[in-house]
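Given these sequences and hints, build the entire structure.
Spelled out, the chains give:
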Amino acid sequence: MTAERILVVDDEPQIQRFLRPALGAAGYEVVEAMTGGEALKAAATRAPDVIILDLGLPDMDGKDVVANIRAWSQLPIIILSARDRESEKIAALDLGADDYIEKPFAIGELTARIRAALRHRIQMQGGQAQLSTDGLSIDMVKRSVSRDGKALRLTPKEYDLLVMLARHADRVVTHKTLLTAVWGAAHGEDLHYLRVFIGQLRSKVERDPAAPTIIRTEPGVGYRFVRDDN
Amino acid sequence: MPENDRERTSRPDPDVLLALVDRDKRGKLTVFLGAAPGVGKTYSMLMRAQRLKKAGVDIVIGLVETHGRSETMALLEGLEVLPRREVVHSGRTFSEFDLDAALARHPRIIVVDELAHTNLGDSRHPKRYQDIEELIAAGIDVWTAVNIQHLESLADVVAQIAGVQVRERIPDTVLNRADDVLLVDLPPTELIERLKEGKVYLPDSASRAVDRFFRLGNLTALRELALRRTADRVDDQMVDYLRQHAIEGPWAAGERLLVCIGPDALSEKVVRTASRLASGLNAEWIVVSMERADGEDGDREEMRQLDDTFRLAEQMGAQTRRVIGNDFVEEILRLARREHATQIIIGARQDRSPLRFLRRSLADALAARASGIGVHLIADSDKPSARPKRTRARASAKEIARWVAIAATAVASATAAGLVIERFVILQNISLLYLLAVLISASYAGYVAAIAAALFSGLAYNFFFIEPVGTFTIAEPHEVFAFFVFLVVAILVGSLASRIRQQAKAARRRATDILTLYDYSRTLSGTVDVEDVLWAAVTQTQKMLRRGAVLLLPEDGDIALSVAWPPDMELSVTDMMAARWAFEKKETAGNGTGTLPNSPFQFRPLMTPHGVVGVCGYVQRDKPLEINEERALAAILDQTAIAVDRARLSRETLDQAARLEGEKFRAALLSSISHDLRTPLATITGAVTSLRQLGDRMPEESRNDLLQSIEEESGRLTRFVANLLDMTRIEAGTLNARRDWVDVADVVRTAVERATKYFPERAFETSIAPDLPLMRGDSVLLGQVLFNLLDNADRFGGDDPVSIYARREGNEIVLSVTDLGKGIAPADLKHVFDKFFRKGRPDGRARGTGLGLAISKGFVEAMGGQIKAESPAVKRRGTRISMRFPVAIAEPSKRGCA
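Top to bottom, those sequences are chains A and B.
Position 107 of the first sequence, counted from 1, bears residue number 107 in UniProt numbering, the numbering being contiguous throughout.
Position 58 of the second sequence, counted from 1, bears residue number 58 in UniProt numbering, the numbering being contiguous throughout.
These are calculated hints, taken from the structure and not from any lab test.
Just so you know, even glycine gets a beta-carbon here, dropped at the ideal spot from N, CA and C.
Only some residues are given here: those of chain B computed to face chain A with a beta carbon under 8 Å:
{"no.": "1", "residue": "S674"}
{"no.": "2", "residue": "R678"}
{"no.": "3", "residue": "L681"}
{"no.": "4", "residue": "T683"}
{"no.": "5", "residue": "T685"}
{"no.": "6", "residue": "A687"}
{"no.": "7", "residue": "T689"}
{"no.": "8", "residue": "S690"}
{"no.": "9", "residue": "L694"}
{"no.": "10", "residue": "M698"}
{"no.": "11", "residue": "S702"}
{"no.": "12", "residue": "D705"}
{"no.": "13", "residue": "L706"}
{"no.": "14", "residue": "E713"}
Output of the computed footprint for chain B on chain A, the stretches with three or more beta carbons under 8 Å from beta carbons of chain B:
{"no.": "15", "stretch": "11-17"}
{"no.": "16", "stretch": "22-33"}
{"no.": "17", "stretch": "99-105"}
Structural data, given as structure tokens:
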């Protein structure tokens, strides 16, 4: 199997300078782009498997790059962002980006995100009816959830919420995406629903609801269903 | 309330409940009502007060007249009595109720006797019932007492029964709005008994009237009025109770009266009668006046009378309307239908006015066309003295003389012309010349002149032209006939012409008014500044009313005088109180109103849909506005209010925009600083973690490259932090530049060496004058400045070498750094030394910190030098930054201690 190709879009030469050898050493082939225009061209011609995209580009808005790519491709996009660009990051996720990582980051964190994104891409192609992690298993055909072999009773909304998160396992799902998918477009801003239902869901699926390991909070952005790497 | 209320709903009427809620916040008014003086109102009030006091209720006496009666005096014992206010009025001292003291004391219940009292001197309100209204509005319960004869609507009935004109009257609405009315009743025979025993207080001067007033018949009639009034109230309360508790019951059918009035004395009687009728029927009533749309403005006296009648009607609880139209009957009926009136009341005057036939037909036409609506005619009393004098005849003798003179001149000219013409030609109709004279008189001098001219013409025509000439007799019978026809024609033509003249005058005045208003609105629409709007408004008001005008706007929770015209006008304390009142209560105050009428100003609130935006005042001094001025003022005030509101909003929008701009700038700043800090950190973190986790899988040169990038980025970070610290020191004023002797050439060399290390690709050319003296300064700071300039030049300098010059110019050492890059746009040139200014992308992300030049400037100035930027520097390209330092006076031997 050939190495997966990663398109790194960042206008800072320093960032490119360490990502190239690091990702190369991690077994990926790196394609570089310094501008949004180059990024779009490379995405179309070089057939990358994952795109790592910095939002602040000299020629165009990173969000437009996301929207442009999403118009024709589902290939995974990981946003490189900073804390002071929170709203842009969320907007990019809502536009279809798959995940984000905040600068500065450790390389291990980035490679983990890349792996999650690639894995998801494979799932998208194959589909998946069952999912289990850390003793929790979800059967999407039977619509049943169990922990350590014992069936859990979830309300329909709780179940929808869990499945929505599990389908995007290891990737962040924004508040808005969750609200729209589970409650409908009219409730896209009703964050309090989500807080209440996530609380209920955690009390049922987590081993220790006070220190959740499966449904993790991404502050200000959304939630992430974390699978143990087995 | 038309149909809806007649429906029998089984839900409580929300209006009734709302009124109740509103009432709960206000104090309650309890009126002790009596038929005549001496029935024991004060006594009964004090008895109750004592009882409540014993029960521990906070009740005080605001004012009670005991008239020296011992039994009443005894009842005051143990009750708190508020001190009165001394008032000087026409040289004598009176004591009045102290409203402000009562408001300050704020008891639960206050007793204020004699509701119908008229205040003296500089009291806030002219009438005591207005004081009491204010107490109630402040949430204090008030007990007060009044005799039935003081009710406005009963004034003429009382006058008829007792033959006494009651001067102190209260509007019926005061009694209607009272929460409780307690009837203090005493049979007339007992009252007369008490009077004889001297137990009823009466002023000495009134003793003669007393005998007439305290007759059994009078007292019985008054008692009946009082009883009936109370019974009506009880009835109203029962209906209210039924509605409130949603009890279905035989509620009174919603009668509504439409009352038509005009500018005459009869109208007052019509209003009083209608008021009694309305209270008897428990009906709402609307008083309406008619004005001709095409007619001339009525004269001032009539307008005032109409206003007075309206005011009376409002006091009695009527709604008022002014209707303008041509077809009175049609307008009245249209209004009646719109208002769901069930009865129309109109005065039928039996006078000899020339308009008599018009009025007759109005009442008749109404009766003929008002299907389903009852029409009441109120006949005039036959006392002719009640009619006011027609003021049109009140023109000054001087004016009449002028008119007559004009008429005489016109007729004399016509006669002369006639006599001359007759010499030459036989003129059949000399009378046409006289008609011309009548027409000219009419159109120049009006009605009186026209009639005078007609009469003079008749005489002159007869005397000079009708046989026998030279006498006032007429020989031929057909000449007699022709003469009278001429007279009638002359009078008719004259009156028509004068009427047209008046209409033209009125039209002209209206056109001027409209034009002025139009000009004003155009001026306003061109101004956006509050200040300008205010000036336009105040000058316009002054011009229109020919009276001084002021405008007050809210300021720090109070209102303050903003502009005045004429500009030297000042407001007294009383004026300010009235203005504040107008602002807070959103109603007219000051001269001519019920609040602080002692102020020479009348103040009106400037109302917009968003509430009150200010107050406009004008000098009234007891001369009310005429009706057309009133209209113009209302229009001006409306426009001003809207313009002030708009100006204020636009100012707020501008402030908002400036604030937003500032916020945007701060956000960009923060974003750029965080970017400058984060990018090196991200590189270092990424490189370090890569080396740790993946280093063993990397080729040697990649590892070295990563290590080198870590070193470089650390250096970058260090420089940035150092810059920030330098900037902080400069800003905090803690930068202490040393004053050593510095060899400039040395510093330049070191800086260039350092720059070459950082920017190996860049070529630097130095040119230092050999005779350069030492300078006083800080070699470290100067080196840092130079390095910053070289750093900048490298970043923006294109590919050509950067040159550094140092030389002496007069008493200065000049040091400059020149690059040949694109240069700086003229607009940016003055900002280059600003903190965080940088040429780059609009989001503030650019290479460099935006601090280099700012720090350089700070350092140079700390060393007593100057720095400036020029662009283009050479051949329309590049930038030159040059520094000038003074040459030190006492120069040590060269290279002595550098």
